[in-house]
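Chemist: If you want the building blocks of each chain, they are given just below.
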Amino acid sequence: MSDRVYILDEIVVRPGCARTYRDRYLTDYAPGARGRGMHLESVYLTPPLELQEQSNTLHFLWSVADVAAWWAMRLGGGDRPFDPAGTEKVGWWLEAEELTVSRRRSVMIDFAPVP
Amino acid sequence: MTFAVLRSFAVPDGINVDDFVAGLTEHATRLSTLAHSFVGRTLPGGINDGQVIWRAEFASEAHYQVSRRAAMTSMQNEACQDTVFYHLGRHATPHPNLRNGIWRALVFSVEPGTDRQVRAQFEAEMLAMPRHVTTIRNWSLSRVCASQGARPWSYVWEQDFDNLEGLHGQYMMHPIHWGSIDRWYDVEHPDRIVDGYLIHTACASATAQIR
Numbered sequence: 001m002s003d004r005v006y007i008l009d010e011i012v013v014r015p016g017c018a019r020t021y022r023d024r025y026l027t028d029y030a031p032g033a034r035g036r037g038m039h040l041e042s043v044y045l046t047p048p049l050e051l052q053e054q055s056n057t058l059h060f061l062w063s064v065a066d067v068a069a070w071w072a073m074r075l076g077g078g079d080r081p082f083d084p085a086g087t088e089k090v091g092w093w094l095e096a097e098e099l100t101v102s103r104r105r106s107v108m109i110d111f112a113p114v115p
Numbered sequence: 116m117t118f119a120v121l122r123s124f125a126v127p128d129g130i131n132v133d134d135f136v137a138g139l140t141e142h143a144t145r146l147s148t149l150a151h152s153f154v155g156r157t158l159p160g161g162i163n164d165g166q167v168i169w170r171a172e173f174a175s176e177a178h179y180q181v182s183r184r185a186a187m188t189s190m191q192n193e194a195c196q197d198t199v200f201y202h203l204g205r206h207a208t209p210h211p212n213l214r215n216g217i218w219r220a221l222v223f224s225v226e227p228g229t230d231r232q233v234r235a236q237f238e239a240e241m242l243a244m245p246r247h248v249t250t251i252r253n254w255s256l257s258r259v260c261a262s263q264g265a266r267p268w269s270y271v272w273e274q275d276f277d278n279l280e281g282l283h284g285q286y287m288m289h290p291i292h293w294g295s296i297d298r299w300y301d302v303e304h305p306d307r308i309v310d311g312y313l314i315h316t317a318c319a320s321a322t323a324q325i326r
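For the protein sequence lines, the chains are A and B, in the order given.
The opening position of the first sequence corresponds to residue 1 in the working numbering, with each subsequent residue numbered one higher.
The opening position of the second sequence corresponds to residue 116 in the working numbering, with each subsequent residue numbered one higher.
So here's chain A without its partners, still in its complex pose (with noise of 0.2 Å):
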């Protein structure tokens, strides 16, 4: 079983805006969120086509090399700023309110069964 953390957040946002928010997320959320050891695997849209009157779905699905990355991710620390209360990451999500109807964030591990 690989060590890798997953961290999956499901932004619905708000109706039109699906492209808006990605392009942001990617500008302004992501190379920080690298920056912190994060590893960036895909961005999925659903329903799968932007919908202009109705909100669609985004999933942005990370991942980190294994659970003391994950605590560096989270607290800082080493070659970045001891950020325990994490003031450096609030901004991004307090910016993009506007934006959201509701998000999750999940974290996960692979499951899938041995062969």
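Don't read these hints as lab results, they were simulated from the structure.
Just so it is clear, the structure is predicted and the values come from calculations on it, not from any experiment.
For each residue, glycine too, the CB sits at the ideal point set by N, CA and C.
Hints are not guaranteed to be accurate.
Part of the chain B face toward chain A, derived, beta carbon under 8 Å [what the hints assert, rightly or not]:
| id | residue |
| --- | --- |
| 1 | Glu176 |
| 2 | Ile291 |
| 3 | Trp293 |
If you want the ones that stay clear, here's a sample from chain A, every Cβ over 12 Å from chain B, calculated [unchecked claim]:
| id | residue |
| --- | --- |
| 4 | Glu10 |
| 5 | Glu50 |
| 6 | Met108 |
With the hints as your guide, set chain B onto chain A.
Modeler: Chain B only, in chain A's frame:
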């Protein structure tokens, strides 16, 4: 019901930390209704915990009120960063004879207005943690009834461990912690209810502190 007072101290420059500990320990002997006292130097890696912790236990809040008459020195008062007053909450002490271990406390504040059912779920999940993390030897989760300092503190979550490896190892690495409980504390998580400014402290302790 056991009543506890937990204080953190930032020892002033020029004051020897061991002398400060000795001074607090001597002060504790003058509290006539004190049931148990622990004064410890905080271990490296603490968050917002100063250099010294004093945990005082009384048989009841009324017993504490009697001992309040014996005041700390002005220097000790000025060095005090945060104070929490609490009745010992849900707890378990299957290892009362623990020796030369680690006492650890997390003092934190839940956001005002947090829904009662959400808070109840949070407490239930915290209380379930020791079933998974077996290095937690004794534990207690207490609601704060009054506090002074950087936040209006809500809870004191305390554990006794056999050693630091129990805290830094299984406690931090167990998936129940980082994969489930941590969401209540994670500023990025929509389920977060705990203020990002908290106190995490650990001290070497000759005896179990949760009794």
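Chemist: Does each hint hold? Answer for all of them.
Modeler: Okay, the hints, checked on the actual structure:
no.: 1; hint: Glu176; result: violated, 32 Å
no.: 2; hint: Ile291; result: violated, 11 Å
no.: 3; hint: Trp293; result: holds, 5 Å
no.: 4; hint: Glu10; result: violated, 10 Å
no.: 5; hint: Glu50; result: holds, 24 Å
no.: 6; hint: Met108; result: violated, 8 Å
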